[in-house]
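Given the structure of chain A, go ahead and fit chain B onto it with the hints provided.
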Amino acid sequence: MNIDEFLAMEPCSDLDEVVDLRSLDYVSSYDDHLMCAICHCPYIRPVRLQCDHVFCQKCLNTAITTFATGRHEFKCPTCRAPAKGVYLSVPRFLVNMCDDIRVKCPFEAEGCKEIVPRGHVQSHVDKYCGYRLMDCPDLFCTKKTRKKDLSAENKCMHELHQCLRCDEEVMEQDYQEHVQELCPSLKTTCPDCEATVFRKALREHIDACPEAIHSCAASKYGCPVKVKRAELVVHEQNCPLITMGPYFEAQNARLDSMELTIRHLQQRNEIFEDGLASIRSTLVESSRVMSARNADVPAETNSQIRPSNPSVPENEQYDNSSASSNATTYLLALHESLREEVGQLSHAITDLDARASMAIMNECLRLKEDMAHTNAAVSSIRMQVQWLMNPRIHQGQRTGVRTSNNNNNNETRTGQLGSSTSGPSNAAGPSPGLLRPRRLSDSGREGTKL
Amino acid sequence: MFAGKRLSKELLKMKEHLPPGISIAKSENLEEWQMDIQVLDENPLYQNQVYRLKFTFSSKYPIEPPEVQFIELSSTSETPRPIPIHPHIYSNGIICLDLLSSAGWSPVQTVESVCMSIQSMLTANTRDERPPGDSDFVSYNRRRPRDINFFYDDDNV
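Those protein sequences? They're chains A and B, same order as listed. With full-length UniProt numbering applied, the first sequence covers 1 to 450. With full-length UniProt numbering applied, the second sequence covers 1 to 157.
Quick caveat, the hints were computed from the structure, so don't treat them as lab data. Treat the hints with care, since some could be wrong.
[As the list claims (entries may be wrong)] Below 30 Å or equal to it, Euclidean Cα-Cα: the simulated DSS-like pairs (lysine-lysine) are:
| hint | chain 1 | residue 1 | chain 2 | residue 2 |
| --- | --- | --- | --- | --- |
| 1 | A | Lys226 | A | Lys187 |
| 2 | A | Lys104 | B | Lys13 |
| 3 | B | Lys15 | A | Lys113 |
| 4 | B | Lys9 | A | Lys58 |
| 5 | B | Lys9 | B | Lys54 |
| 6 | B | Lys5 | A | Lys144 |
| 7 | B | Lys26 | B | Lys54 |
| 8 | B | Lys5 | A | Lys113 |
| 9 | A | Lys75 | B | Lys60 |
| 10 | A | Lys58 | A | Lys104 |
| 11 | A | Lys228 | B | Lys9 |
| 12 | B | Lys5 | A | Lys147 |
| 13 | A | Lys104 | B | Lys9 |
| 14 | A | Lys143 | B | Lys5 |
| 15 | A | Lys75 | B | Lys13 |
| 16 | B | Lys15 | A | Lys84 |
| 17 | A | Lys75 | B | Lys26 |
| 18 | B | Lys13 | B | Lys54 |
| 19 | A | Lys127 | A | Lys104 |
| 20 | A | Lys84 | A | Lys113 |
| 21 | A | Lys147 | A | Lys104 |
| 22 | B | Lys5 | A | Lys127 |
| 23 | A | Lys75 | B | Lys9 |
| 24 | A | Lys58 | B | Lys5 |
| 25 | B | Lys54 | A | Lys104 |
| 26 | B | Lys54 | A | Lys113 |
| 27 | B | Lys26 | A | Lys113 |
| 28 | A | Lys104 | B | Lys5 |
| 29 | A | Lys75 | B | Lys5 |
| 30 | A | Lys228 | B | Lys15 |
| 31 | A | Lys58 | B | Lys15 |
| 32 | A | Lys104 | A | Lys143 |
| 33 | A | Lys58 | B | Lys60 |
Excised from the complex, chain A in its bound form:
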């Protein structure tokens, strides 16, 4: 049949069941192959899928209805093969083996000691079990009665009766048992002294019974003596362990207080260890920050001089070793690395200083040389200018002579320029009309510059 038909037939088949076979107490052990993989009970109404995997009818039904992706996609829970159909026919022997497993009667709690094959438990409960709980015949009473306690007259067994001896109120169904066995007013005999006492006084009697055997009060310190209470007093007067008793007590108290102190100290020690661990972790943290900073500073200042900075790998090495070595050696190592760092820095600074002064000196020399060159050039130019100016001066003097000649003044020519060069300037000055305007300015400069 297909899955829909299987689901449809389920509800009506469970009606006559009173006993829940799954909650039974299975006495005999059963083979795992007889066990439904879903409920782990021996199969109850087994059914079979196309892949030959068997499940209880009810288990399979629940599995199909709650299957996530829809009932037509349902796959065998064991092998995940598509379950196309459900077959009600399983081998007869399987049903028989499951029904043959012994179970306790479900009314075991009420007193039924019966153990029956599972297949018979339903009929046992229906017909034979005297402990099955039945509704009280009295319509107004809601209590339940064991089947065997139902009276022939169909009257309610839950009426309360007062016990004649102990004044306790007991239900009618329990009255017989109470009177015969449980009533505290019944007499009983002491197991030690064979005196007859009331049941309710038995406990007190045993505590005080002179015949009862008791152990010595020093038994906790190792006294093996066990005698009757009457003789115990005599023994305890002579027992050496009892005289030692107070001393043992004192020692015990001391031990206790010492244990307490030790526990206290342990706690404090733990706290200190925690503190130490946290201090160590903060140290590691701060050193990491410092090494990062160290790595930055030389990179800025010394990058031209020392492109590879040796301080960084060193610090990392110290970081690693700090985990294992203790804090002091770690700090020393850190100090050492910092000292080396400072040495390197000062070395770099002197280097830079030397380079700078060298450069300045070179520059100065070059400038001096330049200045000497310029001086030489200036003086040579000056000489040239002088050389160029000289004929002009002579010319100017000669024209001045010529005008004075025109004015008939002959003494100046012979007196002033008789010693200076006169030959070439005689040839250069034939055109006085052209040179006249320039002569004025030249003569002006003569006095100031040369």
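Same frame as chain A, now just chain B:
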């Protein structure tokens, strides 16, 4: 009732016999159990470590899957239990395994079989990593494991 009966049967059986590397840590009630698992081979990721799995059963177990996740016990406790590293196990202990989803679950699974599946999932792993987006998932996820829609996209591990 159904769940309780089945679980007490499973417990009885597990107390008799358990596969190597799996042991019961806590089974005081029938709603939550804790199991200890160990990886038995030489896998260096999990060597000499014990991990704690928490099973939470609903009243519909075994029809519904139990909620299974790793839990962490701090390393200072008597029984330190870390969360194993695995590309399908988030660092809060939630396991991405289709067997534990309602689609991949089958009622024939037992606590023992789930433990064995997770054990073999750890044994087969060689990747020392968490799932992608682990830190986001751990800090933002407030859902219960069974309400999360995982994508079971990786069949390699």
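Structure-based check of all given hints:
no. : hint                  : in the structure
1   : Lys226(A) - Lys187(A) : holds, 29 Å
2   : Lys104(A) - Lys13(B)  : holds, 20 Å
3   : Lys15(B) - Lys113(A)  : holds, 28 Å
4   : Lys9(B) - Lys58(A)    : holds, 18 Å
5   : Lys9(B) - Lys54(B)    : holds, 19 Å
6   : Lys5(B) - Lys144(A)   : holds, 26 Å
7   : Lys26(B) - Lys54(B)   : holds, 9 Å
8   : Lys5(B) - Lys113(A)   : holds, 22 Å
9   : Lys75(A) - Lys60(B)   : holds, 19 Å
10  : Lys58(A) - Lys104(A)  : holds, 22 Å
11  : Lys228(A) - Lys9(B)   : violated, 51 Å
12  : Lys5(B) - Lys147(A)   : holds, 28 Å
13  : Lys104(A) - Lys9(B)   : holds, 16 Å
14  : Lys143(A) - Lys5(B)   : holds, 28 Å
15  : Lys75(A) - Lys13(B)   : holds, 27 Å
16  : Lys15(B) - Lys84(A)   : violated, 38 Å
17  : Lys75(A) - Lys26(B)   : violated, 33 Å
18  : Lys13(B) - Lys54(B)   : holds, 19 Å
19  : Lys127(A) - Lys104(A) : holds, 16 Å
20  : Lys84(A) - Lys113(A)  : violated, 45 Å
21  : Lys147(A) - Lys104(A) : holds, 18 Å
22  : Lys5(B) - Lys127(A)   : holds, 27 Å
23  : Lys75(A) - Lys9(B)    : holds, 25 Å
24  : Lys58(A) - Lys5(B)    : holds, 15 Å
25  : Lys54(B) - Lys104(A)  : violated, 34 Å
26  : Lys54(B) - Lys113(A)  : violated, 40 Å
27  : Lys26(B) - Lys113(A)  : violated, 34 Å
28  : Lys104(A) - Lys5(B)   : holds, 16 Å
29  : Lys75(A) - Lys5(B)    : holds, 25 Å
30  : Lys228(A) - Lys15(B)  : violated, 46 Å
31  : Lys58(A) - Lys15(B)   : holds, 28 Å
32  : Lys104(A) - Lys143(A) : holds, 25 Å
33  : Lys58(A) - Lys60(B)   : holds, 14 Å
Violated hints, listed in ascending order, are 11, 16, 17, 20, 25, 26, 27 and 30; each of the other numbered hints is respected by the structure.
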